[in-house]
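**Q** The listed protein sequences derive, respectively, from chains A and B.
Start counting the first sequence at 1; every next residue gets the next number (UniProt numbering).
Start counting the second sequence at 1; every next residue gets the next number (UniProt numbering).
Source of the hints: derived by calculation from the structure; they are not laboratory data.
Fair warning: there could be bad hints in the mix.
It does not matter which identical chain is meant; a pair holds if it fits inside one copy or across any two.
Using 20 Å as the maximum straight-line C-alpha spacing, the simulated SDA-like pairs for lysine to any residue come out as follows [said to hold, decoys possible]:
1) 195 <-> 264
2) 41 <-> 206
3) 195 <-> 214
4) 278 <-> 130
5) 195 <-> 267
6) 240 <-> 77
7) 36 <-> 172
8) 195 <-> 138
9) 195 <-> 260
Note that this is a predicted model, so its numbers are computed, not measured.
Each chain, written out:
2 protein chains.
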Amino acid sequence: MDQAQASGAKPGHPPPQSTLHEVRTAENSAAFLLPKLRSMKESNAHLKLLDVGCGSGTISTSFAKLIPDGQVTGIDVNANIIPRARAVAEKAGVENIEFQQGSVFQLPFDDETFDITWCHQVLVHIANPWDALREMLRVTKRGGIVAAREGDYESECVWPELPGLTAFHGLMAGLMIAGGGTPAAGRQLLSWALKAGAERRQIELGYSAQSYNTPNERTILSQGMCQQLRGGGFRDRALKFGLEVKEDFEEMAKAWEEWAQREDATLSSLHAEILVQK
Amino acid sequence: MDQAQASGAKPGHPPPQSTLHEVRTAENSAAFLLPKLRSMKESNAHLKLLDVGCGSGTISTSFAKLIPDGQVTGIDVNANIIPRARAVAEKAGVENIEFQQGSVFQLPFDDETFDITWCHQVLVHIANPWDALREMLRVTKRGGIVAAREGDYESECVWPELPGLTAFHGLMAGLMIAGGGTPAAGRQLLSWALKAGAERRQIELGYSAQSYNTPNERTILSQGMCQQLRGGGFRDRALKFGLEVKEDFEEMAKAWEEWAQREDATLSSLHAEILVQK
């Protein structure tokens, strides 16, 4: 979520591209976890759930609604996003939730604190993601679950093939690598969980498609990208990572606008999903 | 299915790599179509369904079980596979089914014959796939459905990264292109349906992941690939298309065997799915 702040949003207020991130809920982003969450809730209504890299807290808030007698904790490395997450939860009338700043590499919690420890689009952005997963396993109770969903950007299918979108894809992959992450995260998620100390028999692995096909979905995606391209968010990140910025950001924004208008337009990518039974 | 015959299988008997194709059913390959099929069946128990490119008929046969008072027709361009499809249906005790040879570009049926016209992994292999879809629309009744599911091979995620598998991916993509198809089929499926004359409002588009992650799934995939690599199926196709065969087929087969044994191994790809309401 650091790019949200880099583009000048005030804490507690929706950042310019918030729609793209804030449409995310447990239902649309953690569907694979929900059957397990519901069965765990049947034997324990007071589940404790940790959302690692919670950002503006829309997923955390929807988790809190699903476990009204439980407790959700959202944590994000970016302190500036925490007030926005609190505002999202307050607006939703959710009280069984708290947010705090912290790093996935040093979670400020005792061993075996949570029944469910969750992250989404976090490991894709960091170096040594297995250390993050090891830390998530540490704070999870025995009999609990670590659940992660990470995209594989190299799997992304986009149509039509517009030069501005091809350039954009290269820019984004470069930013992921420069930031220590990888555009081939999804396919490695299982291997990272094994490297974190989980055994294969503890891990359920699946994939789902995340797509933007309807006019409304295409508009949300296109607007989010254009706001980052024209507002300087992506340029600031590139400069921060010391990348030489050759791309024409306005050309990329126009390509996203054209894409959103085309009736033959589609975008989809694979997301890997693991449930690790501790 | 032509590669099945190229490797020397006898009509009516399982071809060597049959397991890989013959695990396919309506339930695992046409899940997105089944809710629509069930609702159509409620108002008409006598649905007529056409399976275009039916191959060895396992999907056709499971469709026939789902509409016991309806009628399934399977058609394949390869006459040699038809006896095998009949044997599969007979073994399953299914009688409301028939198979015949024919081309998707000239379907031997009157206009508006079928309630549901289906294909899977057919358009990916042919030039001018919009002509095939136009023909599928022609033989479908008004108020009926054309349904297609086509993979996007370029989206495929494989881990670990073994050199033999990278070489294999290049070989397969080359074979698809040489045969007139494309390894980027899935992302183009919507555009092909539009080019076939459907309007955007008639088309529902989605994507699903097809994955091989469990030991059993990995074994089935690996054995299917090894049989084609060692049995000459892929080599015969390459030579048929006039491709220069430089690859070491045995090295690729060994890579598949190693992949099947690795506990960190995974493979997934996006498949596009359309329902066109005629």
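**Q** Does each hint hold? Answer for all of them.
**A** Results of checking the hints against the structure:
| no. | hint | result |
| --- | --- | --- |
| 1 | 195 <-> 264 | between (42 Å within a copy, 10 Å between copies) |
| 2 | 41 <-> 206 | neither (22 Å within a copy, 31 Å between copies) |
| 3 | 195 <-> 214 | between (39 Å within a copy, 18 Å between copies) |
| 4 | 278 <-> 130 | within (15 Å within a copy, 50 Å between copies) |
| 5 | 195 <-> 267 | between (32 Å within a copy, 19 Å between copies) |
| 6 | 240 <-> 77 | within (17 Å within a copy, 57 Å between copies) |
| 7 | 36 <-> 172 | neither (33 Å within a copy, 38 Å between copies) |
| 8 | 195 <-> 138 | within (14 Å within a copy, 54 Å between copies) |
| 9 | 195 <-> 260 | between (40 Å within a copy, 19 Å between copies) |
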